[in-house]
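S.K.: So you can see what is in the structure, the chains are spelled out below.
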Amino acid sequence: MSINLQALMAQLLVGLINGSFYALLSLGLAVIFGMLNIINFAHGAVYMMGAFCAYFLLNVMGIGYWPALIIAPIVVGIFGMILERTMLQWLAGLDHLYGLLLTFGMALIIQGVFQNYFGSSGLPYAIPAELQGGMNLGFMFLPIYRGWVVICSLIVCLATWFLIERTRLGANLRAATENPTLVRAFGINVPRMITLTYGLGVGLAALAGVLSAPINQVRPLMGADLIIVVFAVVVIGGMGSIMGSIITGFALGIVEGLTKYFYPEASNTVVFVLMVLVLLVKPSGLTGRTT
Amino acid sequence: MAETMTAGPASMAAVPAPGDALLTIENLQAWYGESHILHGMDFHVRPGEVVTLLGRNGAGKTTTLKSIMGIIGKRTGSIRFDNHDISRTSSDKIARLGVAFCPEERGIFASLDVRENLMLPPQVRPGGLSLEQIFELFPNLKERLRSQGTKLSGGEQQMLAIARILRTGARFLMLDEPTEGLAPVIIQQIGHTIARLKNEGFTILLVEQNFRFAATVADRYYIVEHGKIIDGFANSELEANMDKLHTYLGV
Ligand SMILES: Nc1ncnc2c1ncn2[C@@H]1O[C@H](COP(=O)(O)OP(=O)(O)O)[C@@H](O)[C@H]1O
Ligand SMILES: [Mg+2]
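Residue numbers (our numbering), protein chains in the order written: chain D, 1 to 291; chain E, 1001 to 1251.
Chain D on its own, in the form it takes in the complex:
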C-alpha cells in the first residue's frame, strides 16, 4: 500500500498527544501505588478537577492558563492530601480491594457533584494566545498547542523520574516503598511522606487536566472516559517502575495512532487487546514487579 505521509504524521501526533496524557496519568498511578499500595480509581476524577480548576480560575477570578498550570495542580493536590489524611490513611495494611473500592466511590461522588452543577456537556477553554496557530513543518502542519502538550508532559515526566530516582528525597521515597517501618524507625516521618506522595500523584493528574482543557473541553466525565484506557496502560506497563510507566504511556499512545492510520477499526480496542495479551504472557506487566 502507498503511505500518505501527511495523514500518517497527523495520526502519530494524535497518538503522541494521547500518549502524553497516558504517561502523566499512569506515572501518578504508579507513584501512588508504590507508596500507598492503593490503585487510585479517583485518578480520572482529579484529572477532571484539574481542568475545572483552570476553568474557574479563568472565568471566576480572571487568572489565565499559565498561572493555572501551577495553581490547579497545587489546589487539587491539597484536596488529594485531605482525602488521604481523612480517609485513605485508615486503609494502610488492608487488601488492595478496599483502596480500590474507596477511591472508586470517591470518583463517583466527585463526578456526580460536578455533573449535578454542570451537566454533561463541555465547557470551552481557549488556547492561550501564545500557543495559538501552527507551524508548517513541510511534511505536516503542527498546531503549536499540541506540540506544547507533548513537550510539557515529557518535561514533567522526566522531572518526576529524576526526583524519584536521583535525589535524596526520592531515595527516602523508594526506601519507604520497600520497608516503611524501618524508614520510620530511622526518624523519617513516613505518614507525612505518604500524604505528600498522594498529593504529588494527584497533582500530576490535575496538571494533565489543565493541559487537556483547551483540547478536549472541560466536562465532568472527561476523566471517567480516559481513565479506563489509562488503567489498561498501567496493566500493560506494570506498576513497578517509574520510567516503565512513562515509556509505556507514550508508546501506547503511538501504537493507537499507528493503528488509527493502518487499521482504524481497531484503534479504540488495540490497547485492550494488548492488555489481554500481556496479562496472558506476563501478568505483572512489562516492567512490573513479580509479586
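Source of the hints: derived by calculation from the structure; they are not laboratory data. Ideal Cβ placement from N, Cα and C applies to all residues, glycine included. Please note that the accuracy of each hint is not assured.
Said to hold, decoys possible - Restraint ranges, calculated between C-beta atoms of paired labels, are given here:
| no. | chain 1 | residue 1 | chain 2 | residue 2 | range |
| --- | --- | --- | --- | --- | --- |
| 1 | E | Ala1110 | D | His96 | 38 to 48 Å |
| 2 | D | Leu163 | E | Ser1035 | 33 to 43 Å |
| 3 | E | Gly1058 | D | Met87 | 57 to 67 Å |
| 4 | D | Pro283 | E | Gly1181 | 32 to 42 Å |
| 5 | D | Gly112 | E | Ser1130 | 53 to 63 Å |
| 6 | E | Glu1143 | D | Ala159 | 26 to 36 Å |
| 7 | D | Gly112 | E | Gly1073 | 56 to 66 Å |
| 8 | D | Val276 | E | Gly1077 | 51 to 61 Å |
| 9 | D | Leu97 | E | Met1119 | 47 to 57 Å |
Fit chain E with the ligands to the given chain D structure using the hints.
M.R.: What follows is chain E with the ligands alone, placed relative to chain D:
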C-alpha cells in the same frame, strides 16, 4: 535465678535500675496481633555500657528491641530513655531522641545503591561519624558505593547496616545479631568496630546467640527466656556462670 541476684553488686537482674540509667525497661509486655510475646521484661542500660541480651531462638530478644524502637503492634509497661517516657512514642520520634536500630535482617534497600543506603537515615544529633570515618572503619563500602545495596555480600551488608546508623549522631545503638551467618574474619572486624564504638562512649544494646563473640565486647549480660529476663550477670562473672549459660542457651 535467685543465686545470681544475690551474688553481689554486679548482678543486676532484679536490682532496681539505678537513677543514672540511660534506658530503663519495667514490666514490658508486647504482642504480635493476638500472640503475647513479652511477659514483663525488666532491665536497664547505663550510659557507655555494652549490654547483651542472650537467649534461645524465639525467646523474644528481637521483639524486645522492636518494642524499644516502637515498631511493634502493641506494647505496655514502662520504657524510659534519657529521661523520656517512650512507651507510647512513635518510632520516628524515638529515633530523633538518639536511638538507632540495626535490624536482624539488616534491612538493606534493594532499590537504593550503597551510597543512598548509607545516606538514608537523617541526622538526629550533631556529632555523627563523617563519611571518611565510616570508610576508615569499613573500607569495603567505599569501593562499592554505586552498587545496588542488596548486591553486597552478607558481611558487607552488615557493615552497611551498622555504618548508616553511625552517621546519624545517635549515641544509643541497638544491634540485633550482627554476626549471624558471617565468616570469622568479618565477625572479628565487627567485634573491633563495637569495641571502638564503646571506647568512643557509645551505649550499645546487643542481641547475640554467639556468646563467645559477646564476651569480647559486653559489660553485662541478661538472659531472655519466654519473654522474660530470667538472669543477669557482669562480664567478670561469665566464667562462674558458664554451666548455667550452657543450660539456658541449650548449647
Ligand atoms: N511478626 C511476627 N508475628 C507473630 N509472631 C512473631 C513475629 N515475630 C516473632 N514472632 C514470635 O515471637 C517470638 C519471639 O520472637 P523473637 O523476638 O524474634 O525471638 P528471638 O529474637 O529471641 O529469636 C517467637 O515465638 C516468634 O515466633
Ligand atoms: Mg531475633
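S.K.: Indicate, hint by hint, whether the structure satisfies it.
M.R.: Hint by hint, here is what the structure shows:
no.: 1; hint: E:Ala1110 - D:His96: 38 to 48 Å; verdict: violated, 22 Å
no.: 2; hint: D:Leu163 - E:Ser1035: 33 to 43 Å; verdict: holds, 41 Å
no.: 3; hint: E:Gly1058 - D:Met87: 57 to 67 Å; verdict: violated, 39 Å
no.: 4; hint: D:Pro283 - E:Gly1181: 32 to 42 Å; verdict: holds, 34 Å
no.: 5; hint: D:Gly112 - E:Ser1130: 53 to 63 Å; verdict: holds, 58 Å
no.: 6; hint: E:Glu1143 - D:Ala159: 26 to 36 Å; verdict: holds, 32 Å
no.: 7; hint: D:Gly112 - E:Gly1073: 56 to 66 Å; verdict: violated, 39 Å
no.: 8; hint: D:Val276 - E:Gly1077: 51 to 61 Å; verdict: holds, 56 Å
no.: 9; hint: D:Leu97 - E:Met1119: 47 to 57 Å; verdict: violated, 37 Å
When the structure is compared with the earlier hints, violations turn up for hints 1, 3, 7 and 9 and for no others.
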